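Read off the chains here:
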Amino acid sequence: MNAFVQDLLSGIATGCTFALVATGFVVIYRVSRVVNFAQGIFAVLAGMAAESFLARGIPHPMGEILGVLAGALAGGGVGLAAVGRRNTPPLASLIITLGIATGAYALLILIWGDQPVSYAGIAGTTHAGPIRIQNQFLLVIGVTALTFAALAAFFGRTYLGKALTACSSNPHAARLVGIDVRAMSLIAFVLGGALGGLAGVLLTPIQPVSFDSDVDLAINGFAAAVFGGIVSPGLSLVGALVLGIAEAIVAGYFIPSFQTGVALILLLALMVWQATRRRATEQEGT
Amino acid sequence: MLEVTDLVVRYGQAVALDGVSLEMAAGEMVALVGPNGAGKTTLLNTVCGLIDPAAGRFRLGGRVAQVPEGRQLFATMTVEDNLRLGAWRVRDRDPTRIYHLFPQLANLRRRVAGTLSGGEQQMVAVGRALMAQPDLLLVDELSLGLAPMVVDTLADHLVELNRTVGTAILLVEQNARLALELCPRAYVLEAGRIAASGPSTELSQTAAVRAAYLGGALEEAS
Amino acid sequence: MSELPAEPPPLWQRLLSRQALGGWVLAATAVVSLLAPLGLDDAQLTIYVFIGLYTMVVAGLSLLMGFAGQVSLGQAAFFTIGAYTAAILTRDAGMPSLLALAISTTATAGIAALVGLPLLRLRGHYLAFATLAFQLIVLSAISQVPQLTGGDTGLTAIPTLSLGPIALHGQFRTFIFAYVVWVLAAGVLVMNRNLVRSRPGRGLRALATSEVGALAAGVPVTRYKVQVFALSAGYAGLAGGVYAFFVGYIAPETFPVLLSVQFLIMAAVGGLGSVWGSVLGTAGVYLLIQVLDTVGTAPGLPASAPAIFSYAVYGLVLVAIMLYLPQGVLPAIQARLVGRRAVSAVEAERSTRAS
Numbered sequence: 284m285n286a287f288v289q290d291l292l293s294g295i296a297t298g299c300t301f302a303l304v305a306t307g308f309v310v311i312y313r314v315s316r317v318v319n320f321a322q323g324i325f326a327v328l329a330g331m332a333a334e335s336f337l338a339r340g341i342p343h344p345m346g347e348i349l350g351v352l353a354g355a356l357a358g359g360g361v362g363l364a365a366v367g368r369r370n371t372p373p374l375a376s377l378i379i380t381l382g383i384a385t386g387a388y389a390l391l392i393l394i395w396g397d398q399p400v401s402y403a404g405i406a407g408t409t410h411a412g413p414i415r416i417q418n419q420f421l422l423v424i425g426v427t428a429l430t431f432a433a434l435a436a437f438f439g440r441t442y443l444g445k446a447l448t449a450c451s452s453n454p455h456a457a458r459l460v461g462i463d464v465r466a467m468s469l470i471a472f473v474l475g476g477a478l479g480g481l482a483g484v485l486l487t488p489i490q491p492v493s494f495d496s497d498v499d500l501a502i503n504g505f506a507a508a509v510f511g512g513i514v515s516p517g518l519s520l521v522g523a524l525v526l527g528i529a530e531a532i533v534a535g536y537f538i539p540s541f542q543t544g545v546a547l548i549l550l551l552a553l554m555v556w557q558a559t560r561r562r563a564t565e566q567e568g569t
Numbered sequence: 007m008l009e010v011t012d013l014v015v016r017y018g019q020a021v022a023l024d025g026v027s028l029e030m031a032a033g034e035m036v037a038l039v040g041p042n043g044a045g046k047t048t049l050l051n052t053v054c055g056l057i058d059p060a061a062g063r064f065r066l067g068g069r070v071a072q073v074p075e076g077r078q079l080f081a082t083m084t085v086e087d088n089l090r091l092g093a094w095r096v097r098d099r100d101p102t103r104i105y106h107l108f109p110q111l112a113n114l115r116r117r118v119a120g121t122l123s124g125g126e127q128q129m130v131a132v133g134r135a136l137m138a139q140p141d142l143l144l145v146d147e148l149s150l151g152l153a154p155m156v157v158d159t160l161a162d163h164l165v166e167l168n169r170t171v172g173t174a175i176l177l178v179e180q181n182a183r184l185a186l187e188l189c190p191r192a193y194v195l196e197a198g199r200i201a202a203s204g205p206s207t208e209l210s211q212t213a214a215v216r217a218a219y220l221g222g223a224l225e226e227a228s
Numbered sequence: 310m311s312e313l314p315a316e317p318p319p320l321w322q323r324l325l326s327r328q329a330l331g332g333w334v335l336a337a338t339a340v341v342s343l344l345a346p347l348g349l350d351d352a353q354l355t356i357y358v359f360i361g362l363y364t365m366v367v368a369g370l371s372l373l374m375g376f377a378g379q380v381s382l383g384q385a386a387f388f389t390i391g392a393y394t395a396a397i398l399t400r401d402a403g404m405p406s407l408l409a410l411a412i413s414t415t416a417t418a419g420i421a422a423l424v425g426l427p428l429l430r431l432r433g434h435y436l437a438f439a440t441l442a443f444q445l446i447v448l449s450a451i452s453q454v455p456q457l458t459g460g461d462t463g464l465t466a467i468p469t470l471s472l473g474p475i476a477l478h479g480q481f482r483t484f485i486f487a488y489v490v491w492v493l494a495a496g497v498l499v500m501n502r503n504l505v506r507s508r509p510g511r512g513l514r515a516l517a518t519s520e521v522g523a524l525a526a527g528v529p530v531t532r533y534k535v536q537v538f539a540l541s542a543g544y545a546g547l548a549g550g551v552y553a554f555f556v557g558y559i560a561p562e563t564f565p566v567l568l569s570v571q572f573l574i575m576a577a578v579g580g581l582g583s584v585w586g587s588v589l590g591t592a593g594v595y596l597l598i599q600v601l602d603t604v605g606t607a608p609g610l611p612a613s614a615p616a617i618f619s620y621a622v623y624g625l626v627l628v629a630i631m632l633y634l635p636q637g638v639l640p641a642i643q644a645r646l647v648g649r650r651a652v653s654a655v656e657a658e659r660s661t662r663a664s
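Protein chains in written order, with our numbering: chain V, 284 to 569; chain L, 7 to 228; chain R, 310 to 664.
If you're looking for bench data, these hints aren't it; they were derived computationally from the structure.
Quantities reported herein were computed from a predicted structural model and do not represent experimental measurements.
Treat the hints loosely; a few may be bogus.
[Claimed, not checked] Sample of chain V residues facing chain R (criterion: CB under 8 Å; computed from the structure):
# : residue
1 : V318
2 : Q417
3 : L553
4 : V555
[As the list claims (entries may be wrong)] Just so you have them, the derived chain R footprint on chain V, three or more residues with Cβ under 8 Å:
# : region
5 : 352 to 363
6 : 409 to 416
7 : 422 to 428
8 : 491 to 505
[As the list claims (entries may be wrong)] Cβ pair distances, simulated, as ranges:
#  : chain 1 : residue 1 : chain 2 : residue 2 : range
9  : R       : S507      : V       : W556      : 30 to 36 Å
10 : V       : A552      : R       : T415      : 53 to 59 Å
11 : V       : F437      : L       : L56       : 26 to 32 Å
12 : L       : N113      : V       : R415      : 29 to 35 Å
13 : R       : F481      : V       : F537      : 48 to 54 Å
C-beta: ideal position from N, C-alpha, C; glycine also.
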């Protein structure tokens, strides 16, 4: 029982990092209609950058914060390339983000090599009756909860947040009232980069990251985002937690090496389900 | 207030506006009528800066805001959010004065815009444009898809606004009868060119405008 | 469109027009591909075979992207399925290689149709991610059933291509393979060319430009998309099968995700939807990859140098093409020569969106 609860908690913690990556997808997609294939790169970059900062004696949590900023900066760069030019068709934007993700590998290997990178998170465990929980897991869960609360406040209460939502609700109307949709897309990319970066600095102490860890993170994050139609941060969080827990259970009790396979099959099943549902609503509509 | 000179707009190969010239004084209310596809919406979007003209120029003597065809609300957001976002370019984001103008909207402020009736949505669209404190208001197809009584109420509001605040209004309508009734002066746009212009009373006698009337009648019938 | 030139253009311009250029490329490709093997040594012939194989895959991908407006990031998955099916059918089931090739090609196309049928109803980027996921699933599944696929160690001693009792062995093996592969590649290209010019082809072009417009014009959008997706997968499956017979050894690591990215770059360089561009795009990028490998493994460079070089170049090429030459490198050069811009799907979409 104890072991099961601990698997559950570790699943929730990984699920939280998926949720952060997923929200990055959502924030960017809602405003710019671009599915950003470089989303996982932000996490890898931030994790590796944080490791370097910490190794050079910058204290916690400054090293991690700098890592997240690196992610945000990278997000801005990807956004500039993907939507910075007027009338870049979505197909081209998508391939541009893929190109950047591929090119980023070169940079990551050049700076950090091709071996996994990790650093110590917060040490120790918390005892709750018979259950022992690693403090890093609690940190991941806590920071994710705070981030989602902050996002809800940002999109629900601030004028800028509402302008971002307006761009996704009706881009034409947004332009009419004078909102620069491209500038908003860039802001979304920076935010998406920071969210990916946050996932990276939280995850690296639990799971060492290497340059190509982005594929796993992006696939899991995207699967979670698809759960909410790539537009709902809340549903993405639910999807991510389900995914994290399911993978922890599959890894612990069934086939250890098939973790990502679970995410992928869930992702495809979800897409197929959405396709049939969309078809049904379309037929109702006509 | 608005001076458009020899404006040409192209979409790829197709010419949408082919040398349009038009003039409006401050505080004036002018109608722009013409059949579907004449280029009316293109003209408005160009004046709003959404489309780059291929040739010609236009000069604006103040702030401009548009009530677009089909309302184009932020359908998933509340009425109040819609109004406040209309003030993106100005400092004052308080929608109270819009609620004075349309008391009905004050009760609907927390409602999601997409769930309102057509007339209520049109009110939000007008209110959102007014939040930008425009000197020139461009209204695109005010009457489209609305019941005659609702159209009358909205039209009264526009005339009232023009009279009290002095906002210039360019009213684009397929329903030429309505537009010529409201506005003292009008332009007729056909196939990207100004086909006729002058006082509304004179224009409504000419053949070109009868054709436009006919277009409006056909549109209503279909 | 409404303006016709008053007088016929000069001869050199007519010889460089879009149609004529297609003809020239066709003729040149035919001549070069027929003569080239005669002057190549075995190592060069091997490269030649690979270019031919990849051309088939890229021709399908280019068709899918340029004419159906869909991105597949898992085209290597179909290459993989074709290779494994052909290998298992001949090696373990003892089937004649040509029959195995026919079955593996059909099976690959069938699997693509099954996967694509639901996914192609969704927006384009879903397919992009789904195909990437699909490739990872395929690779993961191959590792999970070692009894059938050899797991991570892969399959060795795959029989070579044979016709009845005559098997491709010995001194002229690579030489003959080169002809086999290029005959198949030519078949694929001619098929694409005819498809592009057919009625469905015109419908597809409309589809790439505007899905709503195509729907309005009565083009059966989803059916065409699924058909093109299955066809492009079939090309990849065919190439994969021949690859297995040619190399004789396959493993999951033979088909990394990066291979799909390579196919994408080849298609983008050749010009999305440009039939003949897929040949030149493939050849150009493949030779570039060879050069990068040679440069990267030069003495004195760290072990990670080849990886760094290729990732950097892939990324730069993709981004640069999408930003500056979205119609592809080859069509851009051709447009420069003819003096007018060739309109590809991406370019057409760009101008429609601008309006």
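- Query: What hints, given by number in increasing order, does this structure fail?
  - Reply: Result: hints 2, 3, 5, 6, 7, 10 and 12 break, sorted rising.
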